[in-house]
Each structure stands twice: as structure tokens, then as C-alpha cells.
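S.K.: Below are the chains, spelled out letter by letter.
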Amino acid sequence: MIQDSFVDEALLSRVKSWRDYFAAKVGFKNHWYAACFSRELPEGETLTRTMLGENLLLRRIRGKVYAMKDRCIHRGVRLSEKVECHTDSTITCWYHGFTFRWADGMLTNIVGAPESRLIGKHKIKVYPVEEAKGVVFVFVGDDNYNAPPLSHDVPPTFLDEDRAVEGENFVIAANWRSGPEGGIDEIHRYLHRDSTLLLNVKGALPLGHVGVKAQCEKVEDADGPKGIIDHFNADKMYFEAEIDGVAGAVTGIRFADTGTGKKRTVSASCWLPGVLRVQGFPEDETTLYEFYTPIDETRHRCFMTMGRRCADEDEALQFRSRFVTRWKPYAIKNFLMQDVMARESTQHFYRHDRAWLEEVLTEEDFMIIEWRKLCARHHRGVQPPSRMD
Amino acid sequence: MIQDSFVDEALLSRVKSWRDYFAAKVGFKNHWYAACFSRELPEGETLTRTMLGENLLLRRIRGKVYAMKDRCIHRGVRLSEKVECHTDSTITCWYHGFTFRWADGMLTNIVGAPESRLIGKHKIKVYPVEEAKGVVFVFVGDDNYNAPPLSHDVPPTFLDEDRAVEGENFVIAANWRSGPEGGIDEIHRYLHRDSTLLLNVKGALPLGHVGVKAQCEKVEDADGPKGIIDHFNADKMYFEAEIDGVAGAVTGIRFADTGTGKKRTVSASCWLPGVLRVQGFPEDETTLYEFYTPIDETRHRCFMTMGRRCADEDEALQFRSRFVTRWKPYAIKNFLMQDVMARESTQHFYRHDRAWLEEVLTEEDFMIIEWRKLCARHHRGVQPPSRMD
Amino acid sequence: MIQDSFVDEALLSRVKSWRDYFAAKVGFKNHWYAACFSRELPEGETLTRTMLGENLLLRRIRGKVYAMKDRCIHRGVRLSEKVECHTDSTITCWYHGFTFRWADGMLTNIVGAPESRLIGKHKIKVYPVEEAKGVVFVFVGDDNYNAPPLSHDVPPTFLDEDRAVEGENFVIAANWRSGPEGGIDEIHRYLHRDSTLLLNVKGALPLGHVGVKAQCEKVEDADGPKGIIDHFNADKMYFEAEIDGVAGAVTGIRFADTGTGKKRTVSASCWLPGVLRVQGFPEDETTLYEFYTPIDETRHRCFMTMGRRCADEDEALQFRSRFVTRWKPYAIKNFLMQDVMARESTQHFYRHDRAWLEEVLTEEDFMIIEWRKLCARHHRGVQPPSRMD
Numbered sequence: 015m016i017q018d019s020f021v022d023e024a025l026l027s028r029v030k031s032w033r034d035y036f037a038a039k040v041g042f043k044n045h046w047y048a049a050c051f052s053r054e055l056p057e058g059e060t061l062t063r064t065m066l067g068e069n070l071l072l073r074r075i076r077g078k079v080y081a082m083k084d085r086c087i088h089r090g091v092r093l094s095e096k097v098e099c100h101t102d103s104t105i106t107c108w109y110h111g112f113t114f115r116w117a118d119g120m121l122t123n124i125v126g127a128p129e130s131r132l133i134g135k136h137k138i139k140v141y142p143v144e145e146a147k148g149v150v151f152v153f154v155g156d157d158n159y160n161a162p163p164l165s166h167d168v169p170p171t172f173l174d175e176d177r178a179v180e181g182e183n184f185v186i187a188a189n190w191r192s193g194p195e196g197g198i199d200e201i202h203r204y205l206h207r208d209s210t211l212l213l214n215v216k217g218a219l220p221l222g223h224v225g226v227k228a229q230c231e232k233v234e235d236a237d238g239p240k241g242i243i244d245h246f247n248a249d250k251m252y253f254e255a256e257i258d259g260v261a262g263a264v265t266g267i268r269f270a271d272t273g274t275g276k277k278r279t280v281s282a283s284c285w286l287p288g289v290l291r292v293q294g295f296p297e298d299e300t301t302l303y304e305f306y307t308p309i310d311e312t313r314h315r316c317f318m319t320m321g322r323r324c325a326d327e328d329e330a331l332q333f334r335s336r337f338v339t340r341w342k343p344y345a346i347k348n349f350l351m352q353d354v355m356a357r358e359s360t361q362h363f364y365r366h367d368r369a370w371l372e373e374v375l376t377e378e379d380f381m382i383i384e385w386r387k388l389c390a391r392h393h394r395g396v397q398p399p400s401r402m403d
Numbered sequence: 015m016i017q018d019s020f021v022d023e024a025l026l027s028r029v030k031s032w033r034d035y036f037a038a039k040v041g042f043k044n045h046w047y048a049a050c051f052s053r054e055l056p057e058g059e060t061l062t063r064t065m066l067g068e069n070l071l072l073r074r075i076r077g078k079v080y081a082m083k084d085r086c087i088h089r090g091v092r093l094s095e096k097v098e099c100h101t102d103s104t105i106t107c108w109y110h111g112f113t114f115r116w117a118d119g120m121l122t123n124i125v126g127a128p129e130s131r132l133i134g135k136h137k138i139k140v141y142p143v144e145e146a147k148g149v150v151f152v153f154v155g156d157d158n159y160n161a162p163p164l165s166h167d168v169p170p171t172f173l174d175e176d177r178a179v180e181g182e183n184f185v186i187a188a189n190w191r192s193g194p195e196g197g198i199d200e201i202h203r204y205l206h207r208d209s210t211l212l213l214n215v216k217g218a219l220p221l222g223h224v225g226v227k228a229q230c231e232k233v234e235d236a237d238g239p240k241g242i243i244d245h246f247n248a249d250k251m252y253f254e255a256e257i258d259g260v261a262g263a264v265t266g267i268r269f270a271d272t273g274t275g276k277k278r279t280v281s282a283s284c285w286l287p288g289v290l291r292v293q294g295f296p297e298d299e300t301t302l303y304e305f306y307t308p309i310d311e312t313r314h315r316c317f318m319t320m321g322r323r324c325a326d327e328d329e330a331l332q333f334r335s336r337f338v339t340r341w342k343p344y345a346i347k348n349f350l351m352q353d354v355m356a357r358e359s360t361q362h363f364y365r366h367d368r369a370w371l372e373e374v375l376t377e378e379d380f381m382i383i384e385w386r387k388l389c390a391r392h393h394r395g396v397q398p399p400s401r402m403d
Numbered sequence: 015m016i017q018d019s020f021v022d023e024a025l026l027s028r029v030k031s032w033r034d035y036f037a038a039k040v041g042f043k044n045h046w047y048a049a050c051f052s053r054e055l056p057e058g059e060t061l062t063r064t065m066l067g068e069n070l071l072l073r074r075i076r077g078k079v080y081a082m083k084d085r086c087i088h089r090g091v092r093l094s095e096k097v098e099c100h101t102d103s104t105i106t107c108w109y110h111g112f113t114f115r116w117a118d119g120m121l122t123n124i125v126g127a128p129e130s131r132l133i134g135k136h137k138i139k140v141y142p143v144e145e146a147k148g149v150v151f152v153f154v155g156d157d158n159y160n161a162p163p164l165s166h167d168v169p170p171t172f173l174d175e176d177r178a179v180e181g182e183n184f185v186i187a188a189n190w191r192s193g194p195e196g197g198i199d200e201i202h203r204y205l206h207r208d209s210t211l212l213l214n215v216k217g218a219l220p221l222g223h224v225g226v227k228a229q230c231e232k233v234e235d236a237d238g239p240k241g242i243i244d245h246f247n248a249d250k251m252y253f254e255a256e257i258d259g260v261a262g263a264v265t266g267i268r269f270a271d272t273g274t275g276k277k278r279t280v281s282a283s284c285w286l287p288g289v290l291r292v293q294g295f296p297e298d299e300t301t302l303y304e305f306y307t308p309i310d311e312t313r314h315r316c317f318m319t320m321g322r323r324c325a326d327e328d329e330a331l332q333f334r335s336r337f338v339t340r341w342k343p344y345a346i347k348n349f350l351m352q353d354v355m356a357r358e359s360t361q362h363f364y365r366h367d368r369a370w371l372e373e374v375l376t377e378e379d380f381m382i383i384e385w386r387k388l389c390a391r392h393h394r395g396v397q398p399p400s401r402m403d
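Chains as they are written, first to last, in this note's numbering: chain X, 15 to 403; chain C, 15 to 403; chain D, 15 to 403.
There's no promise every hint is true.
Treat identical chains as interchangeable: a pair holds within one or across any two.
[To be verified] The calculated BS3-like cross-link candidates involving lysine-lysine, where the alpha carbons are at most 30 Å apart (straight line), are:
# : residue 1 : residue 2
1 : K139      : K96
2 : K137      : K250
3 : K135      : K250
4 : K30       : K227
5 : K232      : K250
6 : K147      : K232
7 : K135      : K30
8 : K96       : K137
If you are wondering where the hints come from, they were derived from the structure by calculation, not from laboratory data. Note that the structure is predicted; figures quoted are calculated from it, not measured.
Next up, chain X with everything else stripped away, as it sits in the complex (with noise of 0.2 Å):
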């Protein structure tokens, strides 16, 4: 028997409540993720991905975009290697002329071999798509697997109508899960302390800033996404520690007009299959939303977005200038890759399947177990190492 798993069994059996999210090394399939800006494929365009391990291959035709393996099922040969459209509703293999249909897989044509018996028979895997917010979403799944809205994988506010959104997107050093824990993390606040973002907004950056179990909230309807919320508590902010023996031996971050309860984060949320958002950040009216797409075992695609309740165009617009002139270079390039830094240093030692046993969680780690726990009770299924081109 051919075993189908990233991590041996005897691992595996030793972690109880979060099991398949040990497994999912790739993530889970069955489920949306972002794979492009709608921005980076025009009309007329294809674009190459890889998720979940799949490489797969996007065109926007006629304004809709399509989403097909990029592996031709014959001799196995990417199609994007000499991208071949004879018609518009069809992309031919460069090696054997396999001719397949961008809206449902089917081999149409092998020009060397008219008249195979293949032809109309065999299909090419294809991939649902949705388009939202300017992020083309594809569904990473198994053949026949009836997708959900994809309002039940992103987390709630994203998809609202007086929404804006603006985002970069970044390839992380990192195996997926780094991205959620590293976000939903209580503690790890005293990483930011040396971020210039913290000058920009006048920000309080206390050392520590302990989570409470009681006003975690656990999101798990039937018809809608799956998510964890922690719902900060503003008293439990440390700002000196003593160390050794040594009073105020570090410091955080305080600045004269902070303090009045107004300018912070509110809440942080992990949401199924891999998305964070927070409330509140960087500054109040806006909502950071990050999607964490697997591309393989120690890489995934970050997408760093940003949205904001916008009553008109004009308001649209200025969002996106504040974006790109100050969340850009402060929330983003700045504060955010600290936290890029952190996910991708963790990557060595969790690349050991054995470091998910070794690891030491503190009492203020519950967010991370909670999220696993909750991965592990709502997943649609996890991908294997077989389906990884």
C-alpha cells in the first residue's frame, strides 16, 4: 500500500483534538483561496500558480476568469510553457495538440489524432473561480466536490458591499499554518516594538497583551465560515518587565495622546481554510484581512489586504491613496514583514514533523490551540501528497 501522508501515523496518533491539522502540511482542500489581484490578470492574459501543491493555470476571457491544471493529462507536460489558444474557449498542448475547454475540462480535439477515442470522453481538471473585492478566489478541491458560496471562506465584513479593498500579495518562506498562529498569536506584540509603523499612527505597543479565554469567540454556523475570535481585553497590557531582578529592565511603547481607549485593535479572528482579520488595524476604521495560500510544504502565498467602509467612489479613491502612500510602506513593508520574519524563522524548526510535539505553548497560547481545534472539527478534507504536481 501506498501511504498518502505527509506526516507518518505514529506522529500523527499522538495529537488528538488538532490531528488533521498536523496532516494538512498543504493545507486543506474543498476550500477557496485567493490566488491572484484581479489586477494581475488583464484581459487576454494567463497567469501561473501554484496551490495546494497544484500548478495551475489562469486566463480572464471575455472578462471572466477560468481556471484549469496546468498539466496536460496526456504526457504531463505544462500547457503554460507555450500557451497555445486557437479559439477562445480552448487552449491546445504544444507537445500533441490535446485541446481542452476553459469552462469544463473537456478534451475537445487532439489535432495529430482527430479521431481518438479520448476525445470527448476525457477531461482535464478545472477549478471553480469567484471573483471579489479585486481577488480572484479559486476553489482548490476534489473532482465532483460541490463548492460552497465562498462567503463561507473568508471571513465575515470582507465581502460587504461599501467594502474596499486594497492588498499586495507576497511569496512567504514559510509553511501555511505560520501565517494564522503567527497572527492570532497574544503575545508576540514585543516583536513590533522596534516598528517605525508605531511613530506613523502614535501607537501604544505595550510588551505583552495576555488574551482571555472567556471572551473568546468560536463562530461555527452551519452556513457560513468557520472562525475563532479574541475580543481584546484592554486592561491585560503589560508595559515593563522585570527581568532577573531588574525592574523595567525592557520597555514598551507609549505615546502622550494614546491611552484614551480609542486608537487600537479591537479584535483578531482566524478564519477557515487560512484567513486573519483584524479589527482596528492599522488604525480604526480599517480591517486588515490576510490569506494564507499554501504552495507547498515550506512556502506560502501571503495576501496582505486592507478594507475599509467607503460611502462613494471619491472615498474609494482616497482609501486607496492612504493605502499606497502610508500602509504601504509602514503597515505593510514595515510592520507586517516583522511578522514575515517571525513565520519564516519558525520554518526551520517546524519543517520537522517532531517539532509539533516539542513545541512549548504557554497558557496564553490557547488562541493557537483553539484554531487548530476548530481547523481540525470544520476542514472540508486535507490535500495529500499525492495531488502535488
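Put chains C and D on the given structure of chain X with help from the hints.
M.R.: Frame of chain X, contents of chains C and D only:
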């Protein structure tokens, strides 16, 4: 027990009729393979080659080529790192002075331990060598295996006395099996549609050329080469394809003076242990012989050679000139390199063993299947991982 | 069950008398190893080292050197990525503020979660450190293992009070076992035939120097270092070799003023956990001590040091000058680097575990076999894969 196989038994067992071909990731042992061109190994020079995963050292001594394992029996260093030949007939390892005879591999001395009991008893592996048509062939096999004549492992006509052969060799980043399979492939002509060779020879190129199974000839005489020949049927060609209702969406290449039946390749054939022959390529009087020598799991050395009957030395010189000025730029560097690009492209897929079960062959690919079966019937052993240096 | 071994049991079982040596691909745990020279770690500085696969962070605080695992217990990041020492006695992880005491590894605070129950209960691994003769030694072993004195893990005479030691260290691209085996190797002198050191010291160099098994001395006192000494027999040298009937086909090196019996090395010895001592190298009054510290499966750090008795500071300065101007260029950079080249050359072969069964040792290699057996008898544990960072 140490398993000495490249492919998992559970996968192997799913392929009945060409199981050993599936297993032969670095080729079949106990066969003759092309190592280099004669011109690459002048008198007194040494040359290293990796063949079927084994590191070899070749040296020409008084005209004759010898081949020895490039790994001292004592501590495993490569003799080639510092070649020391203190006599014509021997090579001495630079580390401890183990001295081996080229002719039979015998350990004739250890300069630092001249009274060792190993002397005269232990041997380094040596390989039978034959030189023909400007190519050095090496028999890579078991110790004491009685090598059959070279003529059993090259295609018929290659060794014909009046045949002149010219060629080049290249390292290709693909498993060796992509070579014969890519050559015997009936329906891959679509790939060559934009080759500059077509203009040069005013050659027609159909989109497809479907083989006729009844015309597939198997050559399996006990006392000769084992091969499979596809005699082309000029009637089964397609020059126009309809795609998704669009007639003539893609077309092949025709020239005014073709179609007379004169100018075309007449057969393609594959021969154990991995040689392609195409008669009438790149023009009527010329035959292509391509030798594929496995290097390791992911690479092979490809010898692209062309042979032509030449009545005398003068004709042979004319052929040499024609090869250099015409066939090298147009047939080798352009047309055949398109096949190389395709072979390298399949490597990403077939590097997974499961790909051999996931590929979807058409009925027109019957030659590929027949080739695999032929190999499984007539090979002289599967090269195992334990032979890899 | 997760197997925690580098070598397959089926192979291990075929080596009876030195099985654990075969298994010890990254060395023996619970021994003292050279980490760096004292001069490489000035006051207040930190230095990273990978030893036996474990990442260590070394720091000198008020003269004393401390060593800690370079991996936070919490999420596994390397402390060295951003060293933050808020007090003299501690280091704080840059990610979540986990703060550890250098002296005992105790978690003394978590700046972001100062009330965590982990504080005062969990420890990071710390390593015993000894500094002697300008070398920092670290004991790499199990928690709570009672480290024996350093003198048990270095060759006799190294720690002598009146001995001055000079040296250099290098990363070598070969398994650590190539170090002691290459040094104790009786018949490798042929390798050094063209060393410039020979002219510098007017040294004779035989082609071979066969050991005398009866003169092999084993040192195995319970309360001291464990080693094996080859007392050289000046009579068993060969300066001429006949190859395949050609007398004097290769010759060794003689100088006019040698052969008096004065100028020559008098013994070579190997000591657990991996140290070579050569008395009388590179000249009579000097002893070579080479320490081999495993880095990982394929690399080790080699400390080439030379010791000489010095009556006073003045003599020690003279020796230092002689080392820099003479022994460093001729003995280290030339002669000993020939051994390094040979060691790196064996790596390609011995990286296959089966190579240890395929090697063909001569009867003159008895010292190598005795060394392996000695290690198998006296080591304090095999470093397992699960300890590798």
C-alpha cells in the same frame, strides 16, 4: 532486508506487461551504451563519464580505449581527481597508491604497502569497450557477464561498412526513457510546426500522423538487436484541425514541391537498450540514430548521430561538410532540440513514480506501449540503486 | 514507532564489532568537543556554532563562556537572529520575550506574559563549557548527564601546564569520521609526496610506512582518555615501488641530511570522541592535535592545533611566531590540506551507508579497525537524528 529498487513494490505490481521497464529508472544493465565520440578521447587522455549511475574513467592507450570504475576499491576516492599513470598499462590511486591494470582491473601493487595480501587478488571493475563509427561504446553490466556483440545493442544498418556517421552529444535534463518514447511517439509532430528545418528542406509537416498498428514490426531474433519498427503510412496524415466548431483553427505545413511521396521519413524504430532510428531524416538518404545513455534518475546523455552510405572517402567528406553546415544548425540545434525541450518538460511529471499510472495514453500511442513491453521482454537486467556511485 | 537512527538496522546488524561507530553519523553524544578558539569569542560577544547537529549560541560574560541551545523552547526560532540581552545574566527571545538565564537555562520571564505558569519551571538547554589552551570546549550531551573532566576527552599532553598551543579551524565538507581515520591511516603518505613542507623541513617521505600491529597500544584506563597509539617503526618504510614489472616506477622523497633517525614523527594516535595526535609533527619538538567536531552528516569543523613545551612567555611568543610564519603556510595550508582534500574526496563514497560494507581495507589498515572498535567500546552514546536542529 535492504530493498534495492527505485520504485515501490506496490506501484510496480500495478504494471503487469512492462513492470521492469517501469523499474529501470537508470536503465538496463548488461547492455552496450554510447559513452563518447572517438574524437573526444585522444591518445593518452582520460575522460570521465557517468553511465547508469556508475562513474567511469576512460583512457586511450596506444589507440585502444579502456574503461575502469572511477572509484578506488580501498577508500572509494575517484581516481580521476588526480590521474597518476606511472606505467602505460596501469593507473595508481593518488591517495594510497593502489595500482590497477587497465586491461583487467587487477590490483598489481600498493606503493605504500607492497607486501599486502590484497595484491594480485582484488580487482577494480573494468568495462568492455568497443569503438565503431566514431563512437566509443561501453558495456555496463555485472562482473563476469559475458557481453554479447555490440551489434545486438545498436540498430540494424548503423554498423554497415559503407556508412559514415557524424554527430554531437548533449546532457539532457530528463530521465532516459523520455528519449525513445519521445522519438517513437506517433502524434507529436505538432511540436515541430515552427521548426526552421521545414523551410530548409521544404518539408511538409502534418499536424498529426497516426500510426497503423498492423504495420508495427517487432524484431526479436535471439541473435540480433531487439527493436520495434513503425513503418509510416503516408495516407494517415492530417493537415487541418477543427477546434470547438472552428474549421481550420490550426493548420499544418505544406510546400509546393512536396506531396510527391518522395521526401519523407519512412520509418521510426526503437532498439534496446535505448536507441532511436529514423530512416529518411533529415533527408531521404540519411538516417538518424539517437543513443540515450542514462546518467542518473533525472539525466541522460543523448548522442544525436546521422549516418549515410558513402562510396568513398570523398563522399564521406562531403557528408561531413553537409552535416556541419546544414544538419547541425537545422536538424540538431533546431528540430531535435524541440524534442529535447519536450522531454525535459515531461520530467517534472514523470519524476513522480505515480505519473506512470496517471498518464493518459491514446490508442495512437500504441508504439510507446509496444516499446515498453519489448524492453520488459528482452532486457538483460534492471540497474539497481545499489550500483549508483 | 519512529525510528531514531541514521542507518538502517539491516546494515547495522552486519557490523558486529564497531556497530555504534557505524551508527554515529553525527558523532557521539556526552563528550567534550572543540567549539571555537578563545580569541574568536571576545567579551560580550555571541557566536553561533552547529555541533553534532545542534545549534548553539555561545557568549562570553565577564570572562566566562556560556553555551545555550540556539532555539527558543516556545516556537523554535533562533535566538541568534536578533540577540537581545536586557541584563548581563539573561537573553530574551526577540519574538515573544521568553527570557532565559545563561547559567542554568531557566525561563525567568516572558515579557508579554509575565504571569505565565511556565516561568521558573521550564528551561532551555544549556551546555557545560571549559576553556583550555586557547580552545573553548563544549560538552554536547543529554540533560543531566554528569560531564566527566575535560581531560578524559583530549589526548594526553594536550593540557600539560607548560604547553603552548596555536591553531586554526576550518569547516570540512566530509563526515567527521574521515578525520581520525585519515590521520591514523598508516599507508597514506603517498598523498603527501609533493607537499612543499618536505622541502621546508628537509623531511624524508617514504611511499609507505607500514604499521606494526604488535606496536599498537591501547589506552583504556577507566579514569582517563581512551585512545589508540601507533608507535612508528622506522624500519618499515618503502622509498621505491615496482609497478607492473617496472622497477622504480615511482619513488619517495629523501634528503641528504635525513635518515639519521632524528627528524621524524614518532607516533600517531586517535582519542575519543575524535581527536588525532601526531608526535614530532611538523618537527621534533612539536605535537599536532587535530580536533574533529561533527557539524552534520556531511561536514565537520576541524581544529588544527600544534603544541610545544615552552619554559616561559618568551618561548611561547617565539613558538607563536614560528607557527604563523612557518607551520601555518607549510604544515597547515599545504600538508594538512592535502589530507583535507582526501577526506572530502572519500565523502562521496561514504555518504552511502553501504560503502562501509563495500570498502576494501588492507591488513595495514588495522589501526583504522582498532580505532572503530575502541570507539564502539567506550563512547557515551550515539547522537540520534532527533537531536538535529
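S.K.: Taking the hints in turn, state whether each one holds.
M.R.: Results of checking the hints against the structure:
Taking the closest pair of Cα atoms, K139 and K96 come within 30 Å of each other only inside a single copy of the chain (19 Å); across copies the shortest separation is 46 Å, beyond that limit. Taking the closest pair of Cα atoms, K137 and K250 come within 30 Å of each other only across two copies (26 Å); inside a single copy the shortest separation is 57 Å, beyond that limit. Proximity of K135 and K250 under a CA criterion of 30 Å is satisfied inter-copy only: 23 Å between copies versus 63 Å inside one chain copy. In this homomeric assembly, K30 and K227 come within 30 Å of each other (Cα to Cα) only inside a single copy, at 21 Å, whereas the closest approach across copies is 57 Å.
When the C-alpha separation of K232 and K250 is checked against a cutoff of 30 Å, the pair qualifies only within one copy, where the shortest distance is 21 Å, while the shortest distance between copies is 66 Å. Only within a single protomer do K147 and K232 lie at most 30 Å apart by alpha-carbon distance; the minimum there is 25 Å, versus 62 Å between protomers. Taking the shortest Cα distances, K135 and K30 sit within 30 Å of each other only across copies (25 Å), while inside one copy they are farther apart (43 Å). Taking the shortest alpha-carbon separations for K96 and K137, only the intra-copy value of 20 Å comes in at or below 30 Å, while the best inter-copy value is 52 Å.
The structure shown violates none of the earlier numbered hints.
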